[in-house]
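There are 2 protein chains.
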Amino acid sequence: MSVATIPHPLDNLSADEIRRATAIVRKERGNDTYIFNSIALKEPSKDLMMPFLGWDTSVPKPTKIEREAFLVLQDRPSGLVHEIIVSLTQDKITSWIKKQGVQPTLHIGEMLEAEENLIKDPRVIEECRKLGITDMKQVFIDPWGVGYHESIKGRRLMQALVYMRTSPDDNQYAHPLDFNPIYDVNEKKVIDIIVAKRRNSKFERPTIPQENHHFLPEHLGEETLRKDLKPIQIIQPEGVSFTIRGQQLDWQKWNMHLSFNYREGLVINNVNYRDMDGTLRPLFYRVSLAEMVVPYANPYKPYNHKMAFDVGEYGLGNLTNSLELGCDCVGSIYYMDAVLADMKGEPWIIPKAICIHEEDTGLLFKHTDYRTGKAHSARSRRLVISHIVTAANYDYGLYYYFYQDGTFQYEVKATGELNTQVLAVDEDAAPYGTMVAPQIDAQHHQHLFSMRIDPMIDGRNNSVAETDVYASPHPVGHPQNMVGNAFSPYTKIFNNTDEAQTDASLEKHRTWKIINESKIHPYAKTPVGFKLHSANTPPLLAKPGSIAYERARFASRTLWVTPYNPDQLFPGGFYCYQSEPSDNLGLPQWTKEVKNVRNTDIVLWLTFGITHVPRVEDFPIMPVEMCGWSARAANFFIGNPGIDLPAGNKTTSRNAYAPADAKACCGKTNL
Amino acid sequence: MSVATIPHPLDNLSADEIRRATAIVRKERGNDTYIFNSIALKEPSKDLMMPFLGWDTSVPKPTKIEREAFLVLQDRPSGLVHEIIVSLTQDKITSWIKKQGVQPTLHIGEMLEAEENLIKDPRVIEECRKLGITDMKQVFIDPWGVGYHESIKGRRLMQALVYMRTSPDDNQYAHPLDFNPIYDVNEKKVIDIIVAKRRNSKFERPTIPQENHHFLPEHLGEETLRKDLKPIQIIQPEGVSFTIRGQQLDWQKWNMHLSFNYREGLVINNVNYRDMDGTLRPLFYRVSLAEMVVPYANPYKPYNHKMAFDVGEYGLGNLTNSLELGCDCVGSIYYMDAVLADMKGEPWIIPKAICIHEEDTGLLFKHTDYRTGKAHSARSRRLVISHIVTAANYDYGLYYYFYQDGTFQYEVKATGELNTQVLAVDEDAAPYGTMVAPQIDAQHHQHLFSMRIDPMIDGRNNSVAETDVYASPHPVGHPQNMVGNAFSPYTKIFNNTDEAQTDASLEKHRTWKIINESKIHPYAKTPVGFKLHSANTPPLLAKPGSIAYERARFASRTLWVTPYNPDQLFPGGFYCYQSEPSDNLGLPQWTKEVKNVRNTDIVLWLTFGITHVPRVEDFPIMPVEMCGWSARAANFFIGNPGIDLPAGNKTTSRNAYAPADAKACCGKTNL
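Going line by line, the protein sequences match chains A and B. The opening position of the first sequence corresponds to residue 1 in our numbering, with each subsequent residue numbered one higher. The opening position of the second sequence corresponds to residue 1 in our numbering, with each subsequent residue numbered one higher.
Note that these hints are calculated values from the structure, not bench results. Note that CB positions come from ideal geometry on N, CA and C, so glycine has one too. Hints may be right or wrong, so weigh each one.
What the hints assert, rightly or not - Listed next, the in silico EDC-like pairs over lysine to aspartate or glutamate satisfying Cα-Cα at most 20 Å (straight line): (1) B:Lys374 with A:Asp170; (2) B:Lys374 with A:Glu115; (3) A:Lys98 with A:Asp567; (4) B:Lys120 with B:Glu222.
Unchecked claim - Label-pair restraints from in silico Cβ distances: (5) B:Thr279 with A:Glu113: 37 to 43 Å; (6) B:Pro231 with A:Leu80: 57 to 63 Å; (7) B:Asn565 with A:Gly545: 50 to 56 Å; (8) A:Arg371 with B:Gly278: 49 to 55 Å.
What the hints assert, rightly or not - Covered by chain B, per the in silico footprint, the following chain A stretches (three or more residues, Cβ under 8 Å): (9) 185 to 197; (10) 203 to 217; (11) 360 to 366; (12) 408 to 417; (13) 485 to 492; (14) 625 to 638.
Input sequences plus hints: build the corresponding full structure.
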């Protein structure tokens with residue numbers, strides 16, 4: 001389809017490669033009772049990739065890089081997990097490890113299968129009947145990972161959140177039921193039912209609210225929709241400014257490679273920037289959203305098991321929407337499909353999974369000489385690479401932004417629907433939730449994301465510096481602080497993994513910089529770097545010792561830095577599904593022994609997110625709430641890298657007329 | 001020009017009204033030696049406006065509201081200030097107060113006059129000669145308020161920051177000179193020259209860097225500019241969705257009145273929202289940027305006098321740019337002119353001062369049913385009302401945003417040029433600055449803004465609630481915290497001005513809500529309100545007791561709440577220019593006595609901003625750095641107020657092709 005018919009070593013597996021890998025495994029295993037849980041590229045080693053990409057010229061550039069697939073299989077009903085590496089280059093299996101007692105990511109196939117089985121289960125049917133529901137076609141089930149449950153040893157469990165719909169496309173979150181079945185995925189059966197106890201009600205079981213809370217236009221009625229919104233068209237008559245070769249993208253001096261997998265969704269590789277003199281400067285080897293956790297605040301069963309790890313438990317790739325032109329992305333849009341695998345090991349294609357486009361995003365810079373009125377301004381154009389994932393009730397837009405001033409930004413837009421629970425007619429939601437509609441409890445929670453940032457700022461070996469800003473230690477009136485205004489930045493560079501566990505601090509004006517200590521900026525006289533900052537860094541509220549804290553320790557600090565290790569990709573562990581709190585998988589394990597992170601190949605893990613106390617306005621569908629982080633060049637370039645932008649283009653804007661009635665003259669009014 | 005020929009009582013003065021007010025004053029004073037410092041509307045009392053606007057139905061709606069002008073004159077050379085109220089309704093002066101020893105806002109006329117005089121001053125000429133500059137046409141002077149200077153009693157002073165240009169439109173900030181004249185504005189003469197001492201140099205005076213640092217395309221050379229940016233057109237073929245009657249604006253259920261004055265620039269009045277059932281709900285009586293301070297970090301003379309109060313010392317209205325179509329605002333743009341007054345009391349019009357337009361701003365909400373793929377999404381359109389001000393070197397874009405989900409947001413984009421100082425060839429900038437080019441010191445500073453927010457959330461009497469989120473006090477394993485996940489919000493309502501002085505807290509997930517305690521939300525069971533939040537709230541670094549801290553006390557807390565008082569508009573004082581630190585003008589004075597702020601007519605003062613440690617990339621022209629705040633409906637509406645938006649419009653987007661070469665098939669590539 002594109003010129004590049006030889007895959008780039010970081011390209012994810014094609015449909016053909018998936019078929020080949022599956023066939024090789026089936027040749028060995030036959031059609032035993034197992035499922036293909038995931039099939040993804042086994043990424044080649046960084047030691048090969050750095051010279052391949054041209055960033056390491058101390059060794060010859062490899063001419064051939066082995067192409068490998070990493071498959072995870074799970075036997076049913078035993079749950080035995082198989083980690084298989086298939087070399088597509090050699091057409092054979094090169095590694096086969098079996099593991100018992102670990103749970104890989106849920107597959108969407110398992111979720112759909114679970115729902116089918118759950119609504120046939122006699123105990124589920126009986127609970128529904130008690131609540132007045134006899135038509136099981138009205139019952140819908142969101143299967144969540146169980147988080148942690150006492151009886152999970154060796155079993156692959158889901159907790160099922162149960163809802164009713166009054167019509168096929170009804171908003172089920174308006175009618176939550178009060179019990180959670182616990183379901184064994186491999187044995188395909190319900191093993192327990194947990195009924196939520198009423199806490200302050202004269203009723204033992206609540207009534208199920210019948211009132212509908214619609215948001216689909218067909219339910220609201222087209223006549224109720226706003227009609228006074230005039231269209232906006234965003235058009236690029238000469239096409240887009242970016243070019244794509246295979247999975248490589250070029251735009252406004254940025255170059256990068258995009259890949260996609262079942263778990264992290266979109267991965268950005270090999271981000272580099274062409275400086276003014278033509279030099280290509282390496283910036284980021286690999287960036288991805290590597291984990292997240294959504295811990296809920298209500299301490300009572302079954303609510304206290306809600307702590308979704310949407311990356312490791314469900315897979316962002318698996319949850320990705322097929323996007324629709326004009327709705328999700330507007331303008332001139334370039335789409336990429338995603339290729340995943342289904343439970344039979346067949347390619348599963350999500351068409352239009354990734355949206356690439358550019359947007360005008362306002363002023364980039366402006367200055368006016370106030371004496372003469374002479375002004376120069378440049379508009380900011382940004383490149384947007386995004387996908388949207390649906391995790392049952394919630395939807396998350398995930399956006400990578402690149403700007404013309406060397407800024408790289410990541411943003412999450414949380415939307416979709418609140419998770420809802422039912423209240424009896426005489427109950428309150430406080431203090432652990434908000435009643436967003438009669439009997440509808442939206443419980444407080446956090447969304448905490450862990451970004452894995454593998455930098456190569458001007459080279460492979462980097463360090464991380466933490467800069468706080470303090471007022472002068474000298475009192476007002478001191479010769480070095482006569483009028484009391486003095487302040488300055490204090491920077492410390494992290495030497496090891498202990499020092500490099502740190503938190504955001506508003507009081508200290510704290511920022512971090514990823515630096516290359518072997519390259520000193522000629523003017524600023526400090527190592528070149530990129531400054532990392534997030535305005536959305538709430539601390540994790542679950543206490544040390546709690547299930548959520550211990551399983552999601554990554555979220556207990558704003559920033560971690562570890563030495564690069566190709567097996568360390570997921571900060572809550574590879575098998576984070578039902579991970580044992582005391583195992584402290586992921587970052588805590590990796591940092592148990594103190595290791596050097598100074599002037600070496602490092603990886604950063606940045607935690608950011610939202611503490612969400614729901615409001616009525618988040619229901620029935622939630623207006624986007626944003627959070628994210630940015631990386632900005634900081635004493636890296638010789639000046640503003642966007643200085644060579646042409647002035648804002650006057651030719652395509654128009655004066656608008658906005659008369660309140662036909663007689664009004666229009667265009668301008670004096671203030 | 002518009003249908004509304006009778007001014008709205010909040011409309012700023014027209015050119016005619018300014019002429020009339022001036023004429024009435026000249027009749028009394030003749031053409032004595034005085035200047036008109038400012039002429040602005042004297043806003044009618046809120047007691048009249050609330051019934052006039054329809055928010056208070058307990059008294060009859062006033063049929064006629066007196067139209068008044070407030071003029072500030074200053075005599076020269078005595079500096080005597082005259083505060084004159086002219087009733088335009090009665091055609092006469094109704095109040096005349098004289099004040100000595102206070103300094104009103106600088107007028108742009110005074111600044112231009114100062115520069116003319118300064119470059120003729122023999123001592124200035126001599127200092128330039130010492131630095132090797134003999135052609136005074138090369139010398140340019142930015143006249144700043146002096147901040148605070150020992151000899152200011154009774155004198156109106158400026159500190160002059162001196163630069164050289166190698167050509168008329170050269171970037172002068174590449175060639176800073178090392179001395180500051182102190183200039184008496186009323187006597188029109190230099191009274192002192194402060195030469196910045198070298199601290200660690202073998203030179204007594206620095207050489208003036210000759211290297212140019214250009215950013216104007218004509219200087220960079222058109223051939224060096226990027227040519228690979230394809231145009232984006234933003235078009236509204238059916239016109240805009242907002243309508244304007246006089247200075248009143250309607251858009252997507254929002255209604256508001258806009259006014260403009262010399263000091264605050266754009267003021268938004270009477271913000272209200274039409275709810276689903278047609279009820280008009282009052283939200284904000286008046287919102288404006290009422291003060292700001294930019295305190296610098298270097299403790300040595302003359303740098304330690306730099307603490308610009310760009311609102312009170314210069315006037316945001318006075319500093320407003322005339323905007324250019326396609327550069328500052330893109331799309332279908334509606335402009336409003338601003339009418340101010342010059343030093344002769346004549347109308348001074350800034351054409352196209354304010355830009356009003358709407359923008360697509362991405363997703364507003366989306367949900368997909370993962371079982372069926374059925375999705376609904378709505379795009380977010382926002383209304384943007386903005387102006388751009390130039391304060392000597394810096395430029396600030398000031399943006400009010402209104403969204404379709406009931407969100408109101410304010411954003412400052414800081415751009416333009418860093419303030420620069422000169423270093424000798426052997427000097428460093430650290431620890432109080434960054435060397436952004438050879439010999440160019442960009443000193444660390446903060447930008448702190450004080451937003452005056454006068455709410456009327458569902459009525460005149462409001463309260464402010466502060467909500468922090470805490471983990472449960474119970475340990476892990478406690479019956480009320482079995483798995484350790486519990487957390488909940490804790491809310492306290494401020495009773496008085498002492499309690500209501502507070503700071504942002506990241507650790508406590510702190511937010512504020514402006515509430516109406518007489519209106520309880522039927523679902524959430526809490527008072528209806530709007531949640532206030534800023535992600536940009538760095539503390540003031542200047543110490544208590546410092547000049548900057550004492551003059552800008554408003555910036556020492558993130559939030560203040562005071563009872564409404566029509567004379568309390570400027571939190572650093574009306575006469576903040578050269579204000580005496582020990583006078584603690586503005587908020588400290590107003591809160592010296594404890595007053596009630598509970599369930600009454602209140603005003604909030606929100607401090608937000610940026611701690612700016614300059615980077616090389618900020619030079620020679622700075623890519624925008626953003627800060628701001630938002631007010632979001634929080635248990636105010638019955639659900640998502642944007643629910644009635646039509647689905648995203650598919651008809652105007654296009655698939656893009658981005659081939660790297662002609663042979664490549666285009667449109668899609670498999671990931």
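Results for each hint:
Restraint check for Lys374 of chain B and Asp170 of chain A: the C-alpha separation of about 11 Å stays at or below 20 Å, so the hint holds. For the proposed pair Lys374 of chain B and Glu115 of chain A, the alpha carbon gap of about 18 Å is at most 20 Å, so the pair holds. The hinted pair formed by Lys98 of chain A and Asp567 of chain A meets the criterion: a straight-line CA distance of about 17 Å does not exceed 20 Å. Taking the CA atoms of Lys120 of chain B and Glu222 of chain B, the gap is near 37 Å; set against the 20 Å cutoff, the hint is violated.
For the hinted restraint 37 to 43 Å between Thr279 of chain B and Glu113 of chain A, the CB-CB distance of approximately 49 Å leaves it violated. For the pair Pro231 of chain B and Leu80 of chain A, the supplied restraint of 57 to 63 Å holds, since their beta-carbon distance comes to about 58 Å. Distance hint check for Asn565 of chain B and Gly545 of chain A: the Cβ-Cβ separation is about 51 Å, which falls inside the suggested range of 50 to 56 Å. A beta carbon spacing of about 52 Å between Arg371 of chain A and Gly278 of chain B agrees with the range 49 to 55 Å that was offered as a hint.
Here the segment 185 to 197 of chain A counts 0 residues with a CB under 8 Å from a CB of chain B, which misses the bar of 3, and the coverage is violated. Counting residues of the segment 203 to 217 of chain A whose CB falls under 8 Å from any CB of chain B gives 4; the rule of at least 3 is met. Beta-carbon proximity to chain B at under 8 Å applies to 6 residues in the segment 360 to 366 of chain A; the threshold of 3 is reached and the given coverage holds. Check on the segment 408 to 417 of chain A: 4 of its residues sit with their Cβ under 8 Å from a Cβ of chain B, so the three-residue criterion for coverage holds.
Under a criterion of three residues with beta carbons nearer than 8 Å to beta carbons of chain B, the stated coverage of the segment 485 to 492 of chain A is upheld, 5 such residues being counted. Only residues whose C-beta sits within less than 8 Å of a C-beta in chain B count toward coverage, and the segment 625 to 638 of chain A has 7 of them, enough to reach three; the restraint holds.
In terms of the numbered hints stated before, the structure departs from hints 4, 5, 9, listed from lowest to highest.
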